[in-house]
Amino acid sequence: MPKPTGKADGKVTDIGAFARTNQGTEFHADWLEDIRVNLSAVERRTATVIKRRTVKKDWQVAWMLKAISCIDLTTLSGDDTPGRVRRLCAKAKQPVRQDLLEAIGAAELKLTTGAVCVYHAMVPTASAALEGSGVPVAAVSTGFPAGLSPMKTRLQEIGESLAAGANEIDIVITRAHALNQDWPALYEEVRAFRQACGSTHLKTIIATGQLGNMNIVARASMVCMMAGADFIKTSTGMESLNANLPVALVMVRMIRDFYERTGKKVGFKPAGGIRTAKQAIAYLILIKEELANDWLSPSLFRFGASSLLGDLERQIEYHATGSYSAAYRHPIA
Amino acid sequence: MNVLDKLKSMEYGPAPENAAKVTEWLEQNERSFGQFIGGQFTRFNKADFFETKNPATGEVLARVSQANADDVDKAVGAARRAQKSWQTLGGHGRARYLYALSRLVQKHSRVLAVLESIDNGKPIRETRDIDVPLVARHFYHHAGWAQLIESEFAGYEPIGVAGQIIPWNFPLLMMAWKIAPAIAAGNTVVLKPAEFTPLTSLMFADIVREAGLPDGVINIITGDGRAGALLVDHPDIDKLAFTGSTEVGRIIRERTAGSGKKLTLELGGKSPFIVFDDADLDSAVEGLVDAIWLNQGQVCCAGSRLLVQEGVAERLISKVKARMEKLRIGSSLDKCIDMGAIVDEIQLERIKALVSQGVDQGAELWQPRCDLPKEGVYYRPTLLTNVDTANIVAREEIFGPVVVSMTFRTQKEAVEIANNTPYGLAASVWSENLNRALEVAPQIKAGVVWINSTNLFDAATGFGGYRESGFGREGGREGMYEYLKLSFEKKLKPLASTGLPAVKTGKSKTGRPRMDQTAKHYIGGKQVRPDGGNSLAVADHKGQLAGFVGDGNYKDIRNAVEAAAAAGSWAGTSTHLRAQILYYIAENLSYRQDEFAARISSLSGCNAQSAAAEVETSIERLFTYGAWADKYESKVHRPPMRGVTLAMKEPVGVIGIGCPDEVPLLGFVSLMAPAIAMGNRVVMLPSERHPLVATDFYQILETSDVPAGVVNIVTGNKDALALVLAKHTNVEGVWFHGSAETSSQIEREAAGNMKRTWVSNGLGYDWFDPEQSEGKHILRRATEIKNVWIPYGDQT
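Chains as they are written, first to last, in numbering that gives the first Met the number 0: chain C, 0 to 332; chain L, 0 to 795.
Calculated directly from the structure, the hints in this document are not laboratory data.
Please note that a few of the clues may not be correct.
Below, in silico cross-link-like pairs of lysine to aspartate or glutamate (EDC-like), each with a Cα-Cα straight-line distance of 20 Å or less [said to hold, decoys possible]:
no. : chain 1 : residue 1 : chain 2 : residue 2
1   : L       : K7        : C       : E101
2   : L       : K320      : C       : D256
3   : C       : K50       : L       : E10
4   : L       : K325      : C       : D256
5   : L       : K325      : C       : D293
6   : C       : K109      : L       : D4
The following block holds chain C by itself, in its conformation from the complex (with noise of 0.2 Å):
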């Protein structure tokens, strides 16, 4: 694997597997030219998987925690404070009521979210709610979410953020790269961010939602992939369409095709829209199905959700104590 050739402005905090950072290849026209998706075949293929497998009972309730390990438990709005953030961060390091972990046999299970994800501005009130927790500061970067700011300032902005001590950073690609199909272009932003971020774990997103169709999905995936992406995230959740299970297959798709190249994993994060215990367990199931356990992991796999926990612990209790829940009986992030 090449050495890291860019170096980061600020700290780098060692969080283990994340650490394992994708240092990306070079740019290959050719891996592009193959790509082709067919949107139809695809929406089948998503409609009837999570028709072929189900989780019932202990599998179910196994399955709600490892999506709930897997949430980058995220607040992204202009009226975020450091006393909503540090809520948002209590939640993350306990997400599950302990009575309720200890009712399904979970209670020596130290369940944390993925990560809290939150703009710049609150990565240090954030850094240092979740000091020793092992839960992951990711900050929302490059001009986030239209990305249309100066490179200069997108960079500086990705330095500032590790300075303050995040420890993962989720870009936004420049969406005109990927709709007038300038992938060399693509390539080169992304491996600068790349570069900015050193050995932190780099998240892409590509804003789905506004690429149009799936083989730009596809190629826009494979070209942040190339360039060094951690991970591969569909939405910045700002878009009026989020994150679904037809764009997940077809990214899931390009990483197991990246893997299936380089012997790299790149994990995927889903964002906006996912709401509930079902949905979250769908994903699941397709990342099983299309890739592999491995990536049923927070090291390869994130939901960027703020009200899918709501749901997955409502479930959970059901599970445990038989009884549909109320929203009010968890505490609120």
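Starting from the structure of chain C, add chain L where the hints point.
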């Protein structure tokens, strides 16, 4: 609870469907069943019954009576008694009952799905998400046809009593495909489900009662092939519909030959699944899962031959293997499996035997390591590579979860390999290039072509095969015609046998030597001497020698069929061109109108007026089919997907046509014109009594730009030559107007390659009456409907 272990393993765990309601139903029936006849179940026959088992566990589910001759008689009798009033109930009345059936299927959907899964072994996911919803859809759709029958099928009436025999692979769905169109059209039915899987049909009998259908409209008899044979042979059956193996289909065709029973056969297949190098390979792999591992591959239209373009073959095969490793095999009621049990030990043994022969013949076998249940009848999903086109596994239907793969270099080669089979049921074409996919689809000999998809079905879209995959369609308008007959047909009268008079060869009256007139055959656009070197004398109406024609033999037929087959490009010519040529034939005939009238009159002895009328009507008929050539067009369906299906009307191929004696020119023209208007090539056997009219006619063809080989004319012994045509495997259809005896023989011989036949059974048509002798009902015989499924969409 041990949630943490499960969190660590992230496996699926069991997810069994609840079967309590099925058990309850079986217990209510004391796990033993009689026949459903005239709205009642007969008593369980303790003396003669068989067991139906759950192939996933070996558990005996119920004991089912074997129908005997008496039972079949009673069932047919009940259907016969119910038929008239069911017919006179009218379209709307029947529509209400069909609507009730569809609603009740929905209402009982889960218990039907569970029972189907238990009796057949197929996954509950499939019965729940595919079979049962399609069953409900089929009854809804046909409630609609019943409602519209008077307006949409004017001039038609129900056939009468339909005998229907269905297979074990989609028991409930095949039952719906048979019953719904039959009763919508006003027929009554006797249906026999397969002996491995009779239970859902018997549960459906309860639904029939719940819907309040009049007694006898639907009768269900159970039993093995012996009961099927009783139904096939029963003299009071008017229509037979069979879905099953080509082998049994052929026997049925032979046994019913000459009986007048209308027949549809939906038989086997060896359907190609073609992957081009510009396909979405991951999606193609997933398509293959649906193609060959749906229902354990026990699907007549299964994509069992994987044809891959060489450049992507290695990559695709490695993706296929990776995908196969993910397949889960288990109890049919587990909601978390892809494949269930094989229907029966007998079928399992057949699969094993064929695979082992294939391996002996050089195929390389690959199977995933997946777990199989310890009990029950299971077979691993199987990939056979390195299969050449002669290998038994590339040619024979395995009817199991076994795909054979082959490679091709070019699009042309893909089509050649795809068509290199006696079957023609379905095909799947994978390419992201629509130009290519839409070019390939019409070139494949198959009744259904799925582009970038596979195994999609809808009640509005006809399903059925080309070649030895059978004939007739199920679903849609074309499926309705299979359960209707033309109202005028019952008025047709037997023709008196004409016989051939002895020819008197007196001296010429003029004293001068007679001009020798010896007409040749017309083959491949040329006048050709008969192969045997013999001629036949032809008499005029007074028995005087009128001339000689070639005495055709089997070699002349062989040559004519070869010429017709070589003129295949006629099928691809524009409909405008075909129309122009038909008008041109008419025009050229009109220049020689008087001459043809005189010839007809002198040969047949009819008066000048009727001879002139025959020529005039012939010209008009040519115009009719010139008109239809570019108007009998394909349809576009909107199945429940984002996309369309094109119901393309394609020519049958090479049709052999035996012409009637009564009106030698009009009969000839009335049969030739619709056939060639639709793109068929024909071998015409003219009236044996008056062949000179047809041999005069080839001069018209020669001057009318008819391409060589499109129309071929062979004179001689019409009945004998017709049988040569009926046996010829490169002939796709035979139309015969002549004796009942030859009609019957033709139907029997046509079973060889499952030709489409239209025989007159010795009855006479009124060739001057346009209702009887021209129009859409003849064009329908001249065409096959191929449904091309085209899902589309790119915008997210």
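Problem - Hinted pair K325 (chain L) and D256 (chain C), Cα distance within 20 Å - result: holds (17 Å)
Practice task
Would you check the hint for K50 (chain C) and E10 (chain L), treating anything up to 20 Å between C-alpha atoms as holding?
Solution key: Holds, because 16 Å separates the two Cα atoms, which is no more than 20 Å.
Handout entry: Distance restraint between K7 (chain L) and E101 (chain C), which requires alpha-carbon spacing of 20 Å or less
Key = holds (17 Å)
Practice task
Given the hint that K320 (chain L) pairs with D256 (chain C), test it: the Cα-Cα distance must not exceed 20 Å.
Solution key: The hint holds at about 15 Å.
Handout entry: Restraint status (C-alpha distance of K325 (chain L) to D293 (chain C) at most 20 Å)
Key = Distance ~15 Å between K325 (chain L) and D293 (chain C) Cα, so the pair holds.
Problem - Proposed proximity, D4 (chain L) with K109 (chain C) (alpha carbon, max 20 Å) - result: OK: K109 (chain C) and D4 (chain L) at ~15 Å, within 20 Å.
Checked against the numbered hints above, the structure breaks none of them.
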